[in-house]
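Trainee: Sequence:
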Amino acid sequence: MRAPAFWWREPGAAAALLRPASALYGAIAASRLDGQGARAARPVICVGNPTLGGAGKTPTAIALSGLLAEMGEEPVFLTRGYGGRVTGPHVVDAARDTSAEVGDEPLLLARAAPTVVARDRPAGAALAATLGSVVVMDDGFQNPSLSKDLSLLVIDAAVGLGNGLVFPAGPLRAPLKPQLARSGALVLIGEGRAGDALAAEAGLPVLRARLVPDARALDGLGDLLAFAGIGRPQKFADTLQSLGRPAKRFAAFPDHHRYSAADAARLLDRAAAERLALVTTEKDLVRLRGDPALARLACACRALPVRLVFEEVETLRGLLQDAVNRRRS
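Counted from 1, the sequence shown has number 141 at position 141 by my numbering; the numbering is strictly sequential.
Just so you know, not all the hints are guaranteed correct.
Said to hold, decoys possible - Derived SDA-like pairs (lysine to any residue); straight-line CA-CA distance at most 25 Å:
hint: 1; residue 1: K177; residue 2: A277
hint: 2; residue 1: K177; residue 2: V212
hint: 3; residue 1: K177; residue 2: G220
hint: 4; residue 1: K177; residue 2: L24
hint: 5; residue 1: K177; residue 2: R302
hint: 6; residue 1: K177; residue 2: A69
hint: 7; residue 1: K177; residue 2: W8
hint: 8; residue 1: K248; residue 2: D263
hint: 9; residue 1: K177; residue 2: F167
hint: 10; residue 1: K177; residue 2: G37
hint: 11; residue 1: K248; residue 2: R302
Stated by the list, open to error - Computed spacing ranges between beta-carbons, pair by pair:
hint: 12; residue 1: T87; residue 2: A217; range: 49 to 57 Å
hint: 13; residue 1: R2; residue 2: S133; range: 18 to 26 Å
hint: 14; residue 1: A95; residue 2: G72; range: 26 to 34 Å
hint: 15; residue 1: D269; residue 2: L17; range: 38 to 46 Å
hint: 16; residue 1: Q321; residue 2: A14; range: 40 to 48 Å
hint: 17; residue 1: T130; residue 2: D238; range: 36 to 44 Å
hint: 18; residue 1: D238; residue 2: A95; range: 26 to 34 Å
hint: 19; residue 1: A181; residue 2: Q321; range: 16 to 24 Å
hint: 20; residue 1: L17; residue 2: G203; range: 39 to 47 Å
hint: 21; residue 1: D269; residue 2: A181; range: 47 to 55 Å
Simulated from the structure, these hints should not be mistaken for lab results. Every value quoted in this text rests on a predicted model; they were computed, and no experiment measured them. For every residue, glycine included, the Cβ atom is placed at its ideal position computed from N, Cα and C.
All chains should be built: construct the whole structure from the sequences, respecting the hints.
Mentor: Here it is as structure tokens:
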């Protein structure tokens with residue numbers, strides 16, 4: 001689904017109408033947070049976010065895996081595999097699996113470390129424990145079935161918590177207070193007043209970070225036709241703008257959008273008619289690959305890689321080490 005625009009504005013009539021449903025949903029979600037969950041055989045570091053939609057969880061998880069490896073650990077990812085049909089537990093093979101089978105995010109994670117897809121998180125953690133020394137969960141913070149040794153909540157600083165209300169009146173997955181109570185730190189990605197306001201009130205350590213794009217991926221390209229099916233597509237357009245390469249045309253799709261042959265044809269036809277170069281996100285490109293109907297589009301477009309860079313690396317390293325040490329003791 002595409003997030004409703006009113007989620008990101010001050011609460012109005014639409015939010016007010018949905019508040020009764022939000023109260024019920026929020027009560028159920030809060031009660032789920034109270035669950036203790038099964039204990040994994042390895043320390044579990046969870047990367048979640050308090051709101052629905054993308055905030056940068058996957059780049060955060062990948063950055064954590066790199067830091068854990070520097071610390072001498074063997075990280076392994078555990079993820080639900082949203083959008084894929086495989087229920088797991090399944091070890092992702094990036095060379096053979098497709099996004100239709102395992103989802104788009106697992107294919108990105110598998111480039112960095114062994115990755116397990118599992119709807120049943122405890123079962124997935126059991127398999128992951130045979131592949132590495134620390135389990136890094138990409139999403140699953142609100143899932144009570146598996147105990148976490150450290151949870152980091154990722155927030156897009158540009159939009160923060162939107163109107164601050166629980167789904168469906170707003171973007172929150174559960175009431176904010178119980179979510180913060182079960183978190184070890186906030187990861188604030190980018191800049192913005194909304195994120196700054198939350199950081200000042202959260203009462204948790206705040207780890208500031210930024211997404212750094214690899215501008216070399218755009219070398220040799222002319223005017224751009226950009227497209228993205230992520231949590232906040234405008235973020236991709238803003239990134240291109242910041243590189244001095246604004247898209248002449250931009251097409252926004254819902255998060256985890258499953259591209260159709262008609263989508264591909266429209267993008268290819270527009271690019272050909274206006275002599276534009278097609279560019280998208282890494283997450284979108286892996287979704288295109290493996291589907292014969294999308295092969296032409298996959299070959300014609302180029303992805304813009306990004307990596308997450310933390311400002312307070314030593315603080316993060318300390319949090320990770322403390323969590324691992326507590327679990328092992």
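Trainee: Take the hints in turn and mark each one as holding or not.
Mentor: Hint check results:
1. K177 x A277: It is violated: about 45 Å lies between the C-alpha atoms, which goes past 25 Å.
2. K177 x V212: Violated, at roughly 31 Å.
3. K177 x G220: violated (49 Å)
4. K177 x L24: holds (16 Å)
5. K177 x R302: Cα-Cα ~41 Å, so violated.
6. K177 x A69: This hinted pair is violated, its Cα atoms lying about 33 Å apart.
7. K177 x W8: The hint holds at about 19 Å.
8. K248 x D263: With a Cα-Cα distance of about 18 Å, the restraint between K248 and D263 holds, given a limit of 25 Å.
9. K177 x F167: Since the Cα atoms of K177 and F167 sit roughly 15 Å apart, the hinted pair holds (cutoff 25 Å).
10. K177 x G37: holds (20 Å)
11. K248 x R302: Distance of about 16 Å is within 25 Å: holds.
12. T87 x A217: 49 to 57 Å: violated (34 Å)
13. R2 x S133: 18 to 26 Å: This hint is violated: roughly 39 Å between Cβ atoms.
14. A95 x G72: 26 to 34 Å: This hint holds: roughly 28 Å between Cβ atoms.
15. D269 x L17: 38 to 46 Å: Since D269 and L17 have Cβ atoms about 41 Å apart, the given range 38 to 46 Å holds.
16. Q321 x A14: 40 to 48 Å: Roughly 45 Å apart at Cβ, these two residues keep to the hinted range, so it holds.
17. T130 x D238: 36 to 44 Å: holds (41 Å)
18. D238 x A95: 26 to 34 Å: This hint holds: roughly 33 Å between Cβ atoms.
19. A181 x Q321: 16 to 24 Å: Cβ of A181 to Cβ of Q321: about 23 Å, so the range 16 to 24 Å holds.
20. L17 x G203: 39 to 47 Å: violated (32 Å)
21. D269 x A181: 47 to 55 Å: holds (52 Å)
Consistency note: the structure conflicts with the earlier hints numbered 1, 2, 3, 5, 6, 12, 13, 20.
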